[in-house]
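Go by the hints and put chain B onto chain A.
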Amino acid sequence: MRAGALSAAAFALATSVAQAQSPEALGWLRKMNQATQRLSYAGTFVYQSAGRTETSRITHYVDASGDIEKLEVMDGVPREIVRTRDTVRCYLPDSRVVKVDRRTERAFPGLLPERIPALARNYDISLGEPRRIAGLDCQGVVLQPKDNLRYGYRLYADRATGMLMSAVTFDANGQDVETFTFTQLNFGNVTRDMVKPRHATREWRIQNTDATPAELGGWRLANELPGFEKVTELKRRLGESRPARQMVYSDGLAAVSVFIEPLDTRRDPVRTGLATMGAIHIYTREVSNHMITVVGEAPAVSVQRIADAVEFRRPQQE
Amino acid sequence: MKDRISALMDGELDDKAAGLALDALASEGEARDTWRTYHLISDALGKSRMLSDGFSERVAAALAKEPTVLAPRRRPAAEPRRWVALAAGVAAVSLVGWLGVAPQQIAVAPVAQAPLQGTQAKPAVVPLPSGTSDYLLAHQGVSPRLSLQGMAPYVRTVSEQVREPRR
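Chains as they are written, first to last, in the working numbering: chain A, 1 to 318; chain B, 319 to 485.
Just so you know, these hints were derived from the structure itself, not from any lab.
Please note that a few of the clues may not be correct.
Which stretches of chain A does chain B cover? Using the computed rule of at least three CB atoms under 8 Å from a CB of chain B, they are [stated by the list, open to error]:
no., stretch
1, 28–34
2, 48–58
3, 90–102
4, 252–258
5, 269–277
6, 294–300
In this text, a Cβ means the ideal position worked out from N, Cα and C, and glycines have one as well.
Looking at chain B on its own, in the form it has when it is part of the complex:
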């Protein structure tokens, strides 16, 4: 349950899972306590000014200078156990003791993802270019497949009613 509350706070649950988690919050005393504790930690971290002004921008600038990552990468799951780990830390050490370390983890994680999204190898999806039939007609004529299949592939050439790519 704690994992799910943590994920809910991070906006990582889909609609259905989020609905279930919220139902649990409405009914269970323990879940509600967890929710409050996590928010308390979150607030404490958010209000603390441990980082100098412009820290995020400077991290982003430094990352932008890094070599480009070309491999497509999924958006990393942002440490689903963050709040759980912090809660454990609160119990074991003290809230103040954690503040010196934790804000960096939280501040850096979202910034680090931004450049990755800009370098996805997946291309932009665009509608079929104007004159697609002309390209197809010109292309079909040079495809070796004609020798095997005759003109059947030309059916692709001439359709004037091609749909937009489906996504």
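Next up, chain A with everything else stripped away, as it sits in the complex:
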């Protein structure tokens, strides 16, 4: 039994090494990347995670000056998010709040096409099975993690356009932890009006995050997590204008943010521990009189290891 499992693992390893650099699969990732950014489309997708199901509408408008994208959550509390090239605005009509996240290009570590082959350092990337989704024939691509520090992904791209039609996140046991799937999608015929926010927000409260790239002197990880590199450091505000620092670590696809807030601005006591929300884990602890909140779409062990490694070293005085 054990020998069988071992040889199966060895076989899986051998085949995955052979497939690790499947050029065709990498090509599909590039197509998804381009389609997401270059196509105009409007569609409905279902998000499922931890027993929660939500239907949302997504609209992407592209013209010569750039692109605008709008997400409307159809179930439960109405919410709407509109992203332009440099700003994300989150409209919460019930509380009459707009959260504005303006960012510079440097602060936005997107997945650039030239970085796609580097994903093979942490994932075995191979072609998956075909599937039909929302009436479109799709090609599967599987990103199998090489260790237990990241989730795996099954992605399905429309064969004709490369559009990502379904994304499934799975854990080390092969269990799905989160899925996004389009149930309906139309390409083209998107007008600028369709991506405008539907709310007049003149009297709403505006929460500005003021995110700016910054060197966070003194804060660092005692041990970096294998495969995760620091991609950006920001100063920002959270919620009602609480000052915070944010360090972001990524393996090229998954990201983990470390938020650092001085304790004196918080009234709630820090509750050390792990919270889970589908594929997202949040670990909170206290370091050097600061509250550390680590948020990531990564397994609990990764989020906790990063949180445990956060330390403050007083910068050398001149």
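Then chain B, alone, in the frame of chain A:
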């Protein structure tokens, strides 16, 4: 059957298995004899004062000074055959002969488990922190996944009705 009676005494059976074992005790003469014999041994061991006062505390203190075990470990199954082994010993040697050895096994086993439970690597599970949406909103914006998937992951950001973590 003897194993199950031993496990029942140690509180190691689940409700269903314990129910079956108790049924057996009610009906079978041999099972009842075993049960009585084991309790006799247990009583004899429990009443014997072979250990000096404060022995358990000193063992616990010594263990606390040991290097911390970080690896998560299941609560060790506490020697399911203990009573069986003792019964065999009673038959082969004598009850008195065993008393010098056995109490240590029994006294040390539960104490040794205590520090392990305090060093589990498994973190405390807490509710989502206040302002979770703000963290998620700030985090989503820097995830490389946006380039592949557009804004869909932002659906995680904004849900104000997230449930408590399910356990």
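| said: Which constraints among the numbered hints does this structure fail? Numbers only, ascending. | reply: none
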